[in-house]
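Participant: We have chain A; now place chain B onto it with these hints.
Sequence lines, in order, name chains A and B.
Read left to right, the first sequence gives residues 1 to 384 (the numbering used here).
Read left to right, the second sequence gives residues 1 to 255 (the numbering used here).
Since the hints were made in silico from the structure, they are not lab data.
We put the beta carbon where it would ideally sit given N, CA and C, even for glycine.
There could be a bad hint or two in this list.
[To be verified] Here are the simulated DSSO-like cross-link-like pairs (lysine-lysine), alpha carbons at most 27 Å apart as the crow flies:
{"#": "1", "chain 1": "B", "residue 1": "Lys-164", "chain 2": "A", "residue 2": "Lys-261"}
{"#": "2", "chain 1": "B", "residue 1": "Lys-164", "chain 2": "B", "residue 2": "Lys-50"}
{"#": "3", "chain 1": "A", "residue 1": "Lys-362", "chain 2": "A", "residue 2": "Lys-303"}
{"#": "4", "chain 1": "B", "residue 1": "Lys-245", "chain 2": "B", "residue 2": "Lys-50"}
{"#": "5", "chain 1": "B", "residue 1": "Lys-164", "chain 2": "B", "residue 2": "Lys-237"}
{"#": "6", "chain 1": "B", "residue 1": "Lys-50", "chain 2": "A", "residue 2": "Lys-261"}
[Said to hold, decoys possible] Covered, in the sense of this in silico footprint (three residues per stretch, anywhere, with C-beta under 8 Å from a C-beta of chain A), are these stretches of chain B:
{"#": "7", "region": "141-148"}
{"#": "8", "region": "176-184"}
Next come the chains, spelled out residue by residue.
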Amino acid sequence: LPASSRDLRLDFFRGLALIFIFIDHIPENILSFFTIQAVEFFDAAEVFIFISGYTAALVYGQTLVSQGTLYATARILGRAWQLYVAHIFLFVMFIAEVSYTVTTFNNPMYNDEMRVGDFLDQPHVAIVKALLLQFQPTFLDILPLYILLLVIFPVVLLGLRSRPLIVLLPSFMLYLIVQATNLSVPAYPEGHVWYFNPLAWQFVFIAGAALGFPWRHERRWSRWARPVLPLALMVVAAGFIIKLSWTIHGIWDPFPGLLLKELWPVNKNNLSPIRVIPFFAAVAVVAIAVPPNAAVLRSLAAKPLVLCGQQSLEIFCLGILLSALGHFVLSEYDSAIGIQLLVNLAGILVMCLTARMLDWYKTMGRMQAGFAAARSSAGNRLGK
Amino acid sequence: MRWRVWAGGLAQRALLAAGLVLSVVLRFSSAFGGALPCDVPDELMQVDDKLPHLAERLRAEQPVRIIAIGGASTTGLAAGSSDLAYPHRLQEILTRWYPSSSITVVNRGVPRQTARQMLERFPTDVIPEDPVLVIWETGTTDAVRGVGVDDFAATLQAGIDELKAHDIDIMLVDLQFSHSTTTVIDFEQYLNALHRVGDVNDVNVFPRFEMMRYWSEQNVFNFDGVAKDERASLAAKVYECIAGKLADAVRVALR
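Isolated chain A (complex conformation) (with noise of 0.2 Å):
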C-alpha cells in the first residue's frame, strides 16, 4: 500500500497491542497494571485478531480486485504458511527450554508433578501434534487461531465480495452456538481444548475483515458509528471503572470488585459477551475519535508503534521469545522493581529497533525490486 494511503491507526494499535502482549506474558510484571486487561474487560488479543482480519480484507480483498481469486487465494495460503513455519521455530524454542529445565530437575517436592510433561514422554506424539497445531503449550496459542483463520479466508473474501450479510450472519450464529452450547476444538493433550476457541473467535476476525474490505463504493461504516457513540461510550466507560476496582481490589482487599460476584470469571477461551461487547464499543469510540492520518499518529513519538504494528509477524514472533527470557531473568535473579523495568524497557526497546530494522530491510529490497524493473524495461526499450 502507498504509505500516504495507509490506515496509520491499524498499525499504532496492533503495535502497542504487541507490546502489551509482551508485558502480559512475563509473569508477576508490575507494568501489567498498566496495559489493558487491568482496565477493560478485552485485552491485546481482541486488538491483535481484529486489526488482523482488517488489515487481511483490506490487502488480499485489493489481490482480489485486481488479480483475480486464484492469485489472492494463492497469497493467502502463503502467509498462513509463513505463519505456520514461525509458530514451529517458536514450539521448537520452547520445547528445548522446558526439555533442558525439567530434565536438570532435582527437587523431590516435584519430581512426582513435572513426570506428567507429556511432550517428555512421549516426544514422538507430542511433535506430531504440534504440527498438527494440536499441542499449544501456554502463549503459543494465538498463532494457531491466526493460521487457521487465514486458511479459511478465502471463503470468506468471495463471501465479502458479493455481500457482507452472508459472511457475517453465519459467524455470528456460529459465535451464539458456542455461547450457548460451550461447543469447542479438542487439542492434545486428552481434554484439552484450543485455548481461543475458532469457533468464537472468528467472529471478531471476520467483523475485522467486513469493515476492513475495500469496497468499491466505500460503505460509510462510521456513519453506522455515530448514532450509537453514546451507548459505546457508556459500555466502555462501566468495564473500565468495573474492570479497574477488580484490579485494585486484586492488589487491596478492602477496596470493593464491583460486580465481582456477579459477572467473575469472564470466559476468554470461548470469547464471552462481556469481553466482546465492550471490545466492540471501544472500536466505535476509537473509530470516530481517532481519525485515520491524526497527526498524532505521525508523531515522531508514535513511529515506533507504527513500526512495530507494521511488521507484526516477527515483532510478535520476537516478543514471545522476549517475554519468555524476561521471565527467565526475573525468576532466575532478581525481581526487584528496578529490574522489572528495566527487563520491560529493554524488551520494549529491542522489539522498536528490530521493527525499524526490518522496515529498513524491506525497504532496500522494494528499491531493488524497482531498480531491477526499471533496468530491464529500459533494456527492452534499447532491444526494440
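Facilitator: Here is chain B on its own, set in the frame of chain A:
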C-alpha cells in the same frame, strides 16, 4: 494477591541481609534444639473467613472428621511416608490443641491429578466420609499440564458449590513453589484464579506458594546441592512447616 506478592517481595529484599543472618542462626539452633524455622511474614497469615461448622463441632466436643484432598504433596510421597505428610501432622497438632474432640484428618491425596479429576472423586472419596471440613490442595498439576485457566476456575467453583450444599467448611491450599519450575511454567494465572475463587465465595485460601517461595528465598529450605538421601527428610520438614502454618490458619478461622 499480586500486591501481596509484590509487597512481600519488597519486604523480603529489604530484610534480605537480616534474613540471611536469621536463617543461619535458625539452622544452627535447629541442629541443636530440633526447632523448625517455619516463620513467614504476617501478611501471609491473614485469614479472613470463618469455619463455622468446624467451630460448632469443636464447641460441642463432638468428633471431627477432616478430609485432605489433593495431589502428590498431600500424599507426602516426597517424604517417603504418609505419616510424614501434612494431613497426619495437622491431625497431631489439632488433637493437641483441641483434646476434647476426637479429630481425624483423612488423607485423600492422589498424585498427578488435576482439579477436575479431584472433583470427580468428591462423590466417592469426600462426601460419603461426612467431613466437617475439606482442605482442597490443588492447582499444581493444572499449571504443569496447562489446563485452561477458565476451566480450572469453573471446576473450583463447582467443587465449592458441592461442598457448601453439604454444609461442609472449605479451605483451599494453593500451588507448590519451586524455583526452577517457575522459570518455565506460568503459575501466576492459576494462583490468581484460585485466590479469586476463594475471594468471591468467602473461602480461605492458604498461600502455600508464597510461603514456600519465602522459605526458598530465605534459604531456609533449599534443595540445590542436597544429597539424594537427605532430600526426603528435607521434604518432610517442609510438610511439617506447612502443617503447622495450616493449623495456625485453622485456629485463627475458628476465633
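Participant: Between B:Lys-164 and B:Lys-50, does the CA-CA distance stay at or below 27 Å?
Facilitator: holds, 13 Å
Participant: For the pair we were handed, B:Lys-164 and B:Lys-237, check the Cα-Cα distance against 27 Å.
Facilitator: Distance of about 33 Å is beyond 27 Å: violated.
Participant: Does B:Lys-50 lie within 27 Å of B:Lys-245 when you go C-alpha to C-alpha?
Facilitator: It holds: about 16 Å lies between the C-alpha atoms, which stays within 27 Å.
Participant: Can you take a look at whether the region 141-148 of chain B is actually covered by chain A? Rule is 3+ residues, C-beta closer than 8 Å.
Facilitator: It holds: at least three residues are needed, and the region 141-148 of chain B offers 6 whose Cβ sits within less than 8 Å of chain A.
Participant: Would you check the hint for A:Lys-362 and A:Lys-303, treating anything up to 27 Å between C-alpha atoms as holding?
Facilitator: This hinted pair holds, its Cα atoms lying about 17 Å apart.
Participant: Count residues of the region 176-184 of chain B with a Cβ under 8 Å from any Cβ of chain A, then say if the count reaches three.
Facilitator: holds (count 8)
Participant: Taking only the CA atoms, is the gap from B:Lys-164 to A:Lys-261 under or equal to 27 Å?
Facilitator: Between B:Lys-164 and A:Lys-261 the Cα gap is close to 16 Å, so the pair holds against 27 Å.
Participant: Are the Cα atoms of B:Lys-50 and A:Lys-261 separated by 27 Å or less?
Facilitator: Roughly 19 Å separates the two Cα atoms, so the pair holds.
Checked against the numbered hints given earlier, the structure breaks only hint 5 and satisfies all the rest.
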